[in-house]
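The listed protein sequences correspond, in order, to chains B and R.
Under the numbering used here, the first residue of the first sequence carries the number 3, and numbering increases by one thereafter.
Under the numbering used here, the first residue of the second sequence carries the number 103, and numbering increases by one thereafter.
Hint data in this document are derived by calculation from the structure and do not stem from the laboratory.
There's no promise every hint is true.
DSSO-like cross-link-like pairs, simulated, lysine-lysine; straight-line CA separation at most 27 Å [what the hints assert, rightly or not]: (1) K125(R) / K490(B); (2) K459(B) / K174(R); (3) K467(B) / K174(R); (4) K132(R) / K493(B); (5) K454(B) / K168(R); (6) K471(B) / K173(R); (7) K182(R) / K490(B); (8) K187(R) / K129(R); (9) K454(B) / K187(R); (10) K129(R) / K118(R); (11) K493(B) / K118(R); (12) K186(R) / K132(R); (13) K187(R) / K460(B); (14) K471(B) / K118(R); (15) K173(R) / K454(B); (16) K186(R) / K173(R); (17) K186(R) / K454(B); (18) K454(B) / K118(R); (19) K129(R) / K454(B); (20) K132(R) / K471(B); (21) K182(R) / K125(R); (22) K459(B) / K490(B); (23) K132(R) / K187(R); (24) K187(R) / K467(B); (25) K174(R) / K471(B); (26) K471(B) / K460(B); (27) K471(B) / K187(R); (28) K460(B) / K182(R); (29) K129(R) / K493(B); (30) K454(B) / K182(R); (31) K459(B) / K132(R); (32) K186(R) / K129(R); (33) K132(R) / K490(B); (34) K459(B) / K118(R); (35) K490(B) / K187(R); (36) K493(B) / K187(R); (37) K173(R) / K129(R); (38) K168(R) / K467(B).
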Amino acid sequence: MAEAMADSYDGDSEPTTRTLLRRVLDTADTRTPRRRRSARVGAQKALLEPPSSRRLSSPTKMNVRRRSHRVRSFGRLAHVHTSGNVEEQTPRTLLKNILLTAPESSIMRPESVVKPVPTPQVVQSSRRDSSRGSLELQLPELEPSTTLALGLLAPGRRKQRLRLSVFQQGVDQGLPLSQEPRGNASASSLTSSLNLTFATPLQPQSVQRPGLARRPPTHRAVDVGAFLQDLRDTSLALASPGDSLRTPVATLPTDTVLEDTQPFSQPLVGRSPNPGKPAQLLAGKAKKVDAHAVSFPNNSSTISGEDGVEPLQDGVDEEAEERMEESLSVSEVMDTTGTQGSVRTEKSKRHREMSEAVEAKEPEGSSGDEDISGRTASPELASSTTEFLQARQPQFLEPALPPRTAVLSSEPLEPLPTRLPPRARTPGPRPRQDPHKTGLSHYVKLFSFYAKMPMEKKALEMVEKCLDKYFQHLCDDLEVFAAHAGRKTVKPEDLELLMRRQGLVNDQVSLHVLVERYLPLEYRQLLIPCAFSGNSVFPAQ
Amino acid sequence: MAFSTTVSQRKHIKRKAPRGFLKRVFKRQKPHLRLETRGDLLVHLNCLLFVHRLAEETRMNAFENKCGVIKKEHVQAAAKVILKKSRG
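For reference, chain R alone in the conformation it holds in the complex (with noise of 0.2 Å):
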């Protein structure tokens, strides 16, 4: 599990906002819209704040099922969970 420490630490490290991204994917879905500068920087919170919820509900599916790697299933029914609380 060295790598995975390691990785994880370099994951880390990327601290950024890909704003050209969330703006390209919302241009994508709404091109009629605008997106404004500061929202952007928002959007990616929200998107932190979303990717926070579904690991977290996904690790403890996992650890329900007593597993030590998670696997596709937790993730799926984490998702459903938290992709309805994100509905707003």
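Just chain B, with the same shape it has in the complex (with noise of 0.2 Å):
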């Protein structure tokens, strides 16, 4: 009979879990009430052959149902596929199985509510009750449970998002359609337990939708409104900080900057006092404002000083930007520059001399004589500085003040936007010097960075002096290395050679080695050849 049926069924399809389930099925059978499944079973047969003659695609499925009907007994079905075994299971759990593994199908007919699938609510009910309350119970059991499975089962395997739509329609066509059946049935306690059981199954279900189909758009509000106030916090929080650190810290950065840039000006006593330096500054402002007011306010509220701008902005710029990076408030750079240009309208005249004497002679040579101009120039600066505002200014100031001071006071203004190139580098050599130390600041910053001690300034301009020599040093070997090979471009290998004379580079250690060890990752990609996809590689060879 059905049994028969399925037997058959059974022999078509699979052998393992039919097989097994079966066994299973044949030794439940005598306790299941299926055994009457007269009605019931005519209908689920019906129910199961044109679902079954459908789902070829999943007979296994199929399967399952008949078993589900059969196993009743036991936890109807323990599903499945997967497992053989009939085992008792909970009905929540084989549903929930053939949810999740049977395939789409279409909706349900009232007789698919018939359908097996009696798991969930048979545990729950007692199947030993009369077969008819089984009956009754399974009907309604089977509604939800047929209709999903058959609407899983149906069309074959599809997501399980469909899958669950379906389920959903189905769910809600078994609610109303187990509400008949129960109707019809006179079991009120177990229809009871019935509805007990749909809802039980739907909820989850009810709940899974939701989880599925939409996320609870409040908390992107939330996360959002709380991701830009972090925003704000964090961005409130470097703005203050920044400028807090900033402030203690721009004086000595400021300071050696401002040493640096001004030529042989290294000896800043004046400025030794970091923490002190922009209240002398300030202070230095007033008194130099006092001193000479005219030109300097003068000068300084103008900010387009295009005579003088060009030889100084070149390097006077990149001190501005240094130094508009650090100090706080532009009146503070205002007074800087003030005061620089004052130093750097005595050391320009000092400049003018010496760069004279300087460029009269041979690179090779000027090392020499700049080392002695500049050792001439820094005592006689450190003395004028030390004095500073007070005496040399009123001589020096004033006749170079005007073109000077104009300049200066337009550099921190409008350091970025107006940077043009030195018209002419013959108004002096500050504009070789200024750049040239704000170059060479940068390796003094390193060594006392590397040095992890206090230093004096003295000692740091001695350091300027050999990053000096050490440049010429290194210009010389590079040429000689060209002129060896050739050529005259130098190249990367000049430099691999270089070093390796040096003693940096040898069989233990590569260049690429070194490379990776001290320079940033975007220099690293630059210098070290690395293949990419494409059979390429960059940098090209």
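Both chains are given apart, each in its own frame, so use the hints to dock them into the complex.
The structure is reproduced here in structure tokens:
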């Protein structure tokens, strides 16, 4: 009968689960009221067959369903394709298994309602009850399950979402359907239990649905709002501590920067007390203004000083940028530039003298002169700087003030956008020295960082001189190497040779190792050839 | 010394190579020569190593003199040694 049919079905389909289930079912058949399944079975069969005929793709499901029929006594189906054992699983789990594994199916028919998957309800309901009751129970039980099963199984494997939607439909349909048979079935308790059963599996699905279908938007809103707040907080936090940090720190770097930018002004003892620097500057500025009053403020006020801008702007811009980064207020910069301008004016004269002497000589020989001149200048400048605002400036400032101060004042006010190449180098070595010092200051800072110890200003000057010498040696060596290779362009190979001769690169330590150790990633990428997709190497060799 | 540590960290932030400065220096020194694009990065690397060695030597000198502060003499002595080494 049904079993035979089932058996036949079983025989047609896979042997494994089916056979196992079959055996179980056979054993279980005796107990289940399934035997009675006269009408029910017939209906089930009817249901089985057409759907089974449809579901060619999933014979397993059919068997499962059938098994579910039969194995009412047991926890209906241990479903299934996954496990051939007919275990006493909860109906819910079984049902869920079906839902998950069974393919999508068409809408259930009322007949299909009777379909098996009595599993969930069966367990709850007493299978031992009268077949009637069981039938009745099963019918409503089956409804959702059958709907589910049919819906899921019929079309074959589909996405879970579809299955669920279909399942939802089935459930919805099942609910009203279930209620009908409930009405039919007189078992109120059973039906109530059924109702409960229906309810319970439905609830998780209803819960599942929203979870799958949509996310609560409230979370997003809160997150975004919190995120924006966090952004603002962090920005504020960055802004405030950045400024706060800059204030105390700015003194030192600006100190050194100022010192560096001003040629031969390294020993700027006047600025040594870092915390007091801005105060000093301001005080000095005040004094200067009082002392020289006229030109400074006027010149400082003039933002656009095109005349002398270019020659100074080049190097001064860099300095100005550096200072701008670190100084908090433009007024400070103004003050510093004013002071620097005053100092520069002094130095410019000296520079001119020295530059003439320097330029006259060849580059190689000029180093000594520069050193000498630098040395002569530095003590003078030191003395001058110490006196600084008071004595020297009136002598040097006035004649040189107007162009310089105008230029200087313009620098901080328009540091970046007005960066122009130095128009004339003739006005003085300043364009040559200032950017030079600025660049060297980078390495001087690195030196002080590597040293990890406090350093005197004189020591820093000394370091600068050493760097100067070093650069000269470096250029000479590179020239020799390039000439040796018959080239007029210095290539990285020359650099490697130089480092090898210096002893930095040897057989144990290669250039790439050094590159990786000391240079940041961006430069590493540029220097070390690396293979990329598409059979390409960057940088190209 | 809080300032020094903070300042050191701030200085440490700059890891960029002053490529423009390097190119300008080379041009000034050897106007008849050309420097390649990647060459100036290697020059920067060389400078870093030079400065590193110089600083180490200077520190050693200062330690030997049992000074807590680096003085000009330390730097001078160290520079003599390191410059000789870096002659190539």
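Right, here's what the structure says about each hint:
no.: 1; hint: K125(R) / K490(B); in the structure: 15 Å, holds
no.: 2; hint: K459(B) / K174(R); in the structure: 8 Å, holds
no.: 3; hint: K467(B) / K174(R); in the structure: 11 Å, holds
no.: 4; hint: K132(R) / K493(B); in the structure: 14 Å, holds
no.: 5; hint: K454(B) / K168(R); in the structure: 15 Å, holds
no.: 6; hint: K471(B) / K173(R); in the structure: 19 Å, holds
no.: 7; hint: K182(R) / K490(B); in the structure: 31 Å, violated
no.: 8; hint: K187(R) / K129(R); in the structure: 24 Å, holds
no.: 9; hint: K454(B) / K187(R); in the structure: 23 Å, holds
no.: 10; hint: K129(R) / K118(R); in the structure: 20 Å, holds
no.: 11; hint: K493(B) / K118(R); in the structure: 21 Å, holds
no.: 12; hint: K186(R) / K132(R); in the structure: 22 Å, holds
no.: 13; hint: K187(R) / K460(B); in the structure: 23 Å, holds
no.: 14; hint: K471(B) / K118(R); in the structure: 22 Å, holds
no.: 15; hint: K173(R) / K454(B); in the structure: 13 Å, holds
no.: 16; hint: K186(R) / K173(R); in the structure: 20 Å, holds
no.: 17; hint: K186(R) / K454(B); in the structure: 24 Å, holds
no.: 18; hint: K454(B) / K118(R); in the structure: 20 Å, holds
no.: 19; hint: K129(R) / K454(B); in the structure: 33 Å, violated
no.: 20; hint: K132(R) / K471(B); in the structure: 14 Å, holds
no.: 21; hint: K182(R) / K125(R); in the structure: 26 Å, holds
no.: 22; hint: K459(B) / K490(B); in the structure: 39 Å, violated
no.: 23; hint: K132(R) / K187(R); in the structure: 23 Å, holds
no.: 24; hint: K187(R) / K467(B); in the structure: 17 Å, holds
no.: 25; hint: K174(R) / K471(B); in the structure: 16 Å, holds
no.: 26; hint: K471(B) / K460(B); in the structure: 17 Å, holds
no.: 27; hint: K471(B) / K187(R); in the structure: 13 Å, holds
no.: 28; hint: K460(B) / K182(R); in the structure: 16 Å, holds
no.: 29; hint: K129(R) / K493(B); in the structure: 14 Å, holds
no.: 30; hint: K454(B) / K182(R); in the structure: 21 Å, holds
no.: 31; hint: K459(B) / K132(R); in the structure: 31 Å, violated
no.: 32; hint: K186(R) / K129(R); in the structure: 24 Å, holds
no.: 33; hint: K132(R) / K490(B); in the structure: 11 Å, holds
no.: 34; hint: K459(B) / K118(R); in the structure: 24 Å, holds
no.: 35; hint: K490(B) / K187(R); in the structure: 26 Å, holds
no.: 36; hint: K493(B) / K187(R); in the structure: 22 Å, holds
no.: 37; hint: K173(R) / K129(R); in the structure: 33 Å, violated
no.: 38; hint: K168(R) / K467(B); in the structure: 25 Å, holds
In summary, the numbered hints that this structure violates are 7, 19, 22, 31, 37.
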